[in-house]
Amino acid sequence: MIEVVLNDWLGKKVKVKCNEDDTIGNLKKLVAAQTGTRADKIRIQKWYNTYKDHITLKDYEIHDGMGLELYYN
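Numbering that gives the first Met the number 0 puts the first residue of the sequence shown at 0, with every later residue one more than the last.
No wet-lab data here; the hints were simulated from the structure. Idealized CB from N, CA, C, for every residue including glycine. Be aware that a few hints might be false.
[Said to hold, decoys possible] Derived pair list, reagent style DSS-like, types lysine-lysine, alpha-carbon separation capped at 30 angstroms:
hint : residue 1 : residue 2
1    : K28       : K45
2    : K40       : K11
3    : K57       : K40
4    : K57       : K28
5    : K14       : K57
6    : K40       : K16
7    : K14       : K51
[Claimed, not checked] Here are the simulated distance ranges between beta carbons:
hint : residue 1 : residue 2 : range
8    : D58       : G10       : 28 to 36 angstroms
9    : Q44       : I1        : 12 to 20 angstroms
10   : G10       : Q44       : 16 to 24 angstroms
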């Protein structure tokens, strides 16, 4: 289990516990459950790299305690 911190730059930080084998789509569903926003309206990125839904966290080399940016479409 790893913990990923997502910051939406509006004052809300979300900490999500997930597995390294989970996809970005699964991470979006977990974030949606905590924030009350629909999963298809969430975009996760780091700098200018927007993460795709079908790729796993392990493939993107997302580790425990890593911070990502959370945007709403």
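What hints, given by number in increasing order, does this structure fail? none
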